[in-house]
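*Asks:* What follows is the residue order along each chain.
2 protein chains.
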Amino acid sequence: MIWNEKAECMSREDMAELQLKKLQDVVKRAYENIPYYHKKYKELNIHPNDIQSLEDIEKLPFTTKDDLREGYPFGMFAVPSREIIEVHSSSGTTGKPVVSGYTRKDIDCWSELVARGLTMMGIDENDIIQNTHGYGLFTGGFGVHYGSHKIGSIVIPISTGQSRRQIEIMKDFGTTVVIFTPSYGMYLAELAKEEGFDSKDINLKAIGFGAEMWTEEMRQEIQTRFGAPAYNIYGLTELMGPGIAVECSAQDGLHISEDYVYPEIIDPKTGKTLEENKNGELVLTNLEREGMPLIRFRTKDITSINRQSCQCGRNTARMERITGRTDDMIKVKGVAVFPSQIEKALLKVNNIEPHYQIIVTRPHLMDEIEVKVEASEDLFSDEVKEMINIKKKIEDYIENEIGLRVKVTLVEPKSIPRSEGKAIRVIDKRNLH
Amino acid sequence: MIWNEKAECMSREDMAELQLKKLQDVVKRAYENIPYYHKKYKELNIHPNDIQSLEDIEKLPFTTKDDLREGYPFGMFAVPSREIIEVHSSSGTTGKPVVSGYTRKDIDCWSELVARGLTMMGIDENDIIQNTHGYGLFTGGFGVHYGSHKIGSIVIPISTGQSRRQIEIMKDFGTTVVIFTPSYGMYLAELAKEEGFDSKDINLKAIGFGAEMWTEEMRQEIQTRFGAPAYNIYGLTELMGPGIAVECSAQDGLHISEDYVYPEIIDPKTGKTLEENKNGELVLTNLEREGMPLIRFRTKDITSINRQSCQCGRNTARMERITGRTDDMIKVKGVAVFPSQIEKALLKVNNIEPHYQIIVTRPHLMDEIEVKVEASEDLFSDEVKEMINIKKKIEDYIENEIGLRVKVTLVEPKSIPRSEGKAIRVIDKRNLH
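Sequences listed follow chains A and B, in order.
Just so we're aligned: 313 in the UniProt record's numbering is position 313 of the first sequence, and the numbers increase by one with no gaps anywhere.
Just so we're aligned: 428 in the UniProt record's numbering is position 428 of the second sequence, and the numbers increase by one with no gaps anywhere.
Note that these hints are calculated values from the structure, not bench results.
Since no wrong hints were added, every one of them can be taken at face value.
Because identical chains cannot be distinguished in the list, a pair is counted as satisfied if it fits within a single copy or across any two copies.
The calculated DSSO-like cross-link candidates involving lysine-lysine, where the alpha carbons are at most 27 angstroms apart (straight line), are:
1. LYS65 <-> LYS96
2. LYS28 <-> LYS40
3. LYS150 <-> LYS105
In isolation and in its complexed conformation, chain A is listed as follows (with noise of 0.2 angstroms):
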């Protein structure tokens, strides 16, 4: 089922020109009423009425969490605050928190957004969606749950922590679908175990990822573990939140709702426009939002965009799961390297539990990488040549990955601390030196 045919199928000439007319409102109003913009167009000598067609965009000057953080609280908002009803707001813990603010309008329009991806992730009203992101000032769990408002389904907002509840809800409350960022995932799918029951008896029909970086590895075992297809929902507060792109059923590329968000993929040091399917940062451009629309906003999110038909039947443009951030980038000897190629590489290998953690330091002026992770229960009793067999095909498959030789740990069964929202991969220790 396709949730709006209309939005979804467009043609992409209908698109074009649909993208045209928003932009082109969009950046006058963001001009007229948002201080920031009207003056960095000024000084530009932008006027809206130089958007002439969807190219033209290039024309215009990014915007960065930078500049969003200079206008806390809510110094980017284009209305009076009397007709914004809710805002959000980024942790804050590299700087100044970064507020995002929404009119009842962009709460229906955010809810349209999740309501498409749940329906092409197969639900519907007769699904139960058990919501273990977290609500609060982060996106996380309110776009879920708009989104099952909207089309019906029964969302549990058990939100995140409670691990043992959420297993026992899950069997009592017969679940169907589970929302969940993977390295929570992979916790869960062990204390499961533990408790005794097979993950797969829990009759799910769909995982919904979100809020966290992964591989096409994790995938396969998170859907192993729970007998399910997985789904990646990709989003961020700056925007809306989760819900900005969503997998459909093929699980190639994530659908961008076009007619609310405009993607860009840019060189993320040159700030030029990349063609189709070549990587760099995602750039997008908010069509529709009232409350807070921002222009050319800078992602540091890795993909690329295909414009291509889906076999679902959309065409909307995909993009793909994102491989990495530009700020979470480990420069390692002048390599770059990104964590998902570490979590690519250990998935490989058997007896060992995909739980890691990557470790920079500088010991002798020359960085090294380190990277802990978990022996399984079997191994753990064996040989330990057996151990040092397989920390040697880790660090070779690593090597292979990234072109750089680490130094591999293997650790105890369950002593990397798991996370109950986002896991914590990388420690850079460089910077205490």
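Fit chain B to the supplied structure of chain A, relying on the hints for placement.
*Replies:* Coordinates of chain B only, in the frame set by chain A:
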């Protein structure tokens, strides 16, 4: 302003007529669609047609929390689960959890209840509500969230925790309304003081108290510390959630939305209905709910009801603040003691902080109550003699309130654990012997 003048200012006669019609309808729906009610009414030889007047409700048996537990998880639903769009649940710490189910109309009714309540507190679309109640399976956070959406104010869904950030956000976002449990409010006031600014500097218009028992003295204390009026919000997950009854600006009892819930007061021992203004256990009946209508649910909360018109212009019945729960009454040496009585006594004494715990022991086959109270910073650096005086003073006040001599221990400032939700006030160690 009154949110729904028709419903809230209706004459007592019209209300009674409306309630009878709705009561007849809900009893019929429960009888026909909920196996629990069908079976019970059959056994007692009751038929929906027996309800010919509001008084006839007394013919119907009570519903208890245990009945709901037996129906776990979805046994009390009156509609097919595809019509349910959201479920909540009590924590289940004292047995099987209780599940509460909502149709789309139920969520809308809940929003309406809270919209009325927020309006009673003087809140409108210009306000910014910082909602510190937790979102999750418990209904705490969602009631205010939905109500705020209804009236169009801004909701900051920050939920509980991150207490320093709460204060920062109050300042930065210009919060005008904060919703908290009284004990969490006290904690925030304390933190704000530590952070070096007077909590009165936050330009608060109203405070909403929920989910916890408190005394008039606690209200005064919080009002002084935050420089804003504090209003009581009552509700429970089984019946819907917070918002069933809310205080208006008169601060003279909580207006019950009587077109949605029918209130009775009973003698908790005999089950007999008590007359107006008599103290007893509150019993509530859902008049409008589709998903899980409860009939004569025993709330265990002790209060009284007053049907006089209020000076605010509303004609709905008002309940007194909850003074205790039938199950948190402590029986000591045959005397019934409620924590609220102890709190009332404590708040009369200067130089102590309103943080306390009540510890019940049975050292020599005789019950003893110890009350741990924090001394203020000033007091703690003063003479020991002064401390002894205060201790005696508190013991006197409590004896005066409950008729029993208890042992009071003054402890170091900030040594009683602060709650980030409901405070743990009573520690009963008698079962350990």
